[in-house]
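Student: Going down the list, the protein sequences come from chains D and C.
Each residue of the first sequence is one higher than the one before, counting from 1 in our numbering.
Each residue of the second sequence is one higher than the one before, counting from 1001 in our numbering.
Simulated from the structure, these hints should not be mistaken for laboratory data.
Predicted model only: the values in this text are computed from it and were never measured.
Some hints here could point you the wrong way.
What the hints assert, rightly or not - For lysine-lysine, the following BS3-like pairs were computed, each having C-alpha atoms within a straight-line distance of at most 30 Å: (1) D:K53 / D:K117; (2) C:K1181 / C:K1065; (3) D:K261 / D:K117; (4) C:K1109 / D:K158; (5) C:K1065 / C:K1096; (6) C:K1091 / D:K158; (7) D:K161 / C:K1096; (8) C:K1077 / C:K1065; (9) C:K1091 / D:K161; (10) D:K161 / C:K1109; (11) C:K1077 / D:K161; (12) D:K158 / C:K1077; (13) D:K158 / C:K1065; (14) D:K161 / D:K53.
Each chain, written out:
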Amino acid sequence: MFGQQVMSGLATGSLYALTAVAVVVVFRNTRVINLAQGDFAMIAAFLGIVFLKNFQLNYYLMLPLVILCSMLLGVLVERLVMRPIADTDWLTLFTATLGVYYILHGVAGWVWGRDTKAFPVTFDAKPISVFGTLVSEGHLFNMAWAVCIGLVLFLFFKYTKQGIAMRAVTDDPETAKLMGIPVRFIVLLTWAMAGFLAAFAGILLAPIVYVSPEMMDEVLVKGYVAAVFGGLYSIPGAILGALMIGVAENLAGGYLGAHYKTATAFAMIVVLLTFRPKGLFGIQARREI
Amino acid sequence: MALLELENVEANYGAVRAVRGISLSVPEGAIVALLGANGAGKSTTLKAICGAVRTHAGRIQLDGKPIANLSPNQIVKRGVALVPEGRKIFKDLTVKENLAMGAYARGDKAGIEADYRVVFDLFPRLEERQRQLGGSLSGGEQQMLAIGRGLLARPRLLLLDEPSLGLAPIIISSIFEALRKINRERGTALLVVEQNVHLALRNASFAYLLQVGRIVVEGPTEKLRADKEIVESYMGVRH
Ligand SMILES: Nc1ncnc2c1ncn2[C@@H]1O[C@H](COP(=O)(O)OP(=O)(O)O)[C@@H](O)[C@H]1O
Ligand SMILES: [Mg+2]
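Excised from the complex, chain D in its bound form:
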């Protein structure tokens, strides 16, 4: 029972991680806390339904198309909304993403309706035994994807020119520019990556939470908290935070009752912000050295 709770907590947590990592990646390259990150995923989920149901595409044809659209959405938001105000203060930037949040909520509700929709692809709840612990097929599927994406990100940041340049911009945008790195292009790439991660967050969560304009609202908050856990800077920190939130809320849900689930996640936020306001891998702590 305990093992099962932990496993499904890790599975949910790994989906929160997709949002948490996107929040970190965008923040550390642009100083923007992207409130619309959840909505990118929500749009991706709706597009998933469109491709699967209306166009009758198969899952693995739908996926790359949704990824492409989602990356495009990230790029559009950067070009049309964020770039023109890039030199303003953080509050303006923050407010702009809030605007995008409401616009995307509105557009989704207008196009696809406000009622929740079931995602056409579901997974058997049929459990599979992993090292003696029962895990549902859907959870395994999601975890496998999350691990793959983590690996892809790691390789991208470590071994590709654009990935290293992205880290250089994180480190010192001023100097990156002096070295001839086209910082604006790198920022664009950062938003495309946010879209990429959102595509998976949306498609993988859709079978679990039902698709609606609000489907990602709570996930966004948890992803944000996990990002804060990594000091809005560390990707491993954000992933760890997301997994901890997933496990903690699942254990609370299992042992204390379902309505403690969300409360636990928020209690963790309060505790974290009280004792480690800069996160466990805080950016401030690093810069002060």
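With chain D fixed as given, assemble chain C with the ligands onto it according to the hints.
Tutor: Chain C with the ligands alone, transformed into the frame defined by chain D:
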């Protein structure tokens, strides 16, 4: 025709007139020094050359073609690289990754590999530490890395902003030895900003002295070495 030519260049930060009409030139393959006290406008001049600060008047030409207000990326591609003041190493990138970022604007893989070799031969310490984070290096090693990163752009003109700042004399002389070697063997022209008059006059062939955004003294360094007091009086006494 000189490699780099500045004519009456002006650059402001809002109301602050940092550079007030500078003319200077760097011949192909030369070592030229730009001297001046703190706040004279030396760094701003270099940033204007590499496109990071907008100029408000005047001309900047490379090989006789105007480059003023091109983007840094385009200027790096034309063969001008900067070793910034305070080294500005990417602390969370490894030594090798720092070097790779110097070569960002290039596409010639074989040439880049050859240039890693050049830098590692010049500064063997960097080769030993290529997997270490830039932030873990000592000040001298960071300066070597900053120079190496500049070299990976394969520049014809390398701009150096106070490369001796805060370093021990023995490190300074090894760094300047490396700079002379780069200049001699690769024909790379150097424009070196310095507050250390001795060092600059010893290594460069021509020097300009900047005071509050204007050039007040210029000449071949052999001549200026004889008038060192005059130069130092402009700089404020400092060794
Ligand atoms: N980013 C900036 N914003 C406003 N003023 C600046 C900025 N950078 C430099 N200055 C001012 O411009 C003048 C020249 O600075 P700088 O070029 O850095 O001088 P130097 O490198 O010779 O010490 C100084 O008065 C300095 O205060
Ligand atoms: Mg300076």
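Student: Please go over all the hints and tell whether each is borne out by the structure.
Tutor: So, going through the hints one by one against the coordinates:
1. Note on K53 of chain D and K117 of chain D: the hinted pairing holds, with a Cα-Cα distance of about 12 Å set against a maximum of 30 Å.
2. Only pairs whose Cα atoms come within 30 Å are accepted, and K1181 of chain C paired with K1065 of chain C is accepted, the gap being roughly 28 Å.
3. Among the hinted pairs, K261 of chain D with K117 of chain D is consistent with the structure: their alpha-carbon atoms are about 23 Å apart, no more than 30 Å.
4. Pair hint K1109 of chain C plus K158 of chain D holds up; C-alpha atoms about 18 Å apart against a cutoff of 30 Å.
5. Pair hint K1065 of chain C plus K1096 of chain C does not hold up; C-alpha atoms about 33 Å apart against a cutoff of 30 Å.
6. Restraint check: the Cα-Cα separation between K1091 of chain C and K158 of chain D comes to about 15 Å, which is no more than 30 Å; the hinted pair holds.
7. With a CA separation close to 12 Å, the supplied pair K161 of chain D and K1096 of chain C stays within the 30 Å bound.
8. Distance hint between K1077 of chain C and K1065 of chain C is fulfilled; the C-alpha atoms sit about 14 Å from each other, no more than 30 Å.
9. Between the alpha carbons of K1091 of chain C and K161 of chain D the distance comes to roughly 17 Å, so the proposed pair stays at or under 30 Å and holds.
10. This hinted pair checks out: K161 of chain D and K1109 of chain C have alpha carbons roughly 12 Å apart, not beyond 30 Å.
11. At most 30 Å may separate the alpha-carbon atoms for a hinted pair to count; K1077 of chain C and K161 of chain D meet this at roughly 16 Å.
12. At roughly 24 Å between alpha-carbon atoms, K158 of chain D and K1077 of chain C fall within 30 Å of each other, so this suggested pair holds.
13. Distance hint between K158 of chain D and K1065 of chain C is unfulfilled; the C-alpha atoms sit about 38 Å from each other, more than 30 Å.
14. Of the supplied pair hints, the one linking K161 of chain D and K53 of chain D is violated, its CA atoms being roughly 39 Å apart against a limit of 30 Å.
Violated hints for the displayed structure, listed by number in ascending order: 5, 13 and 14.
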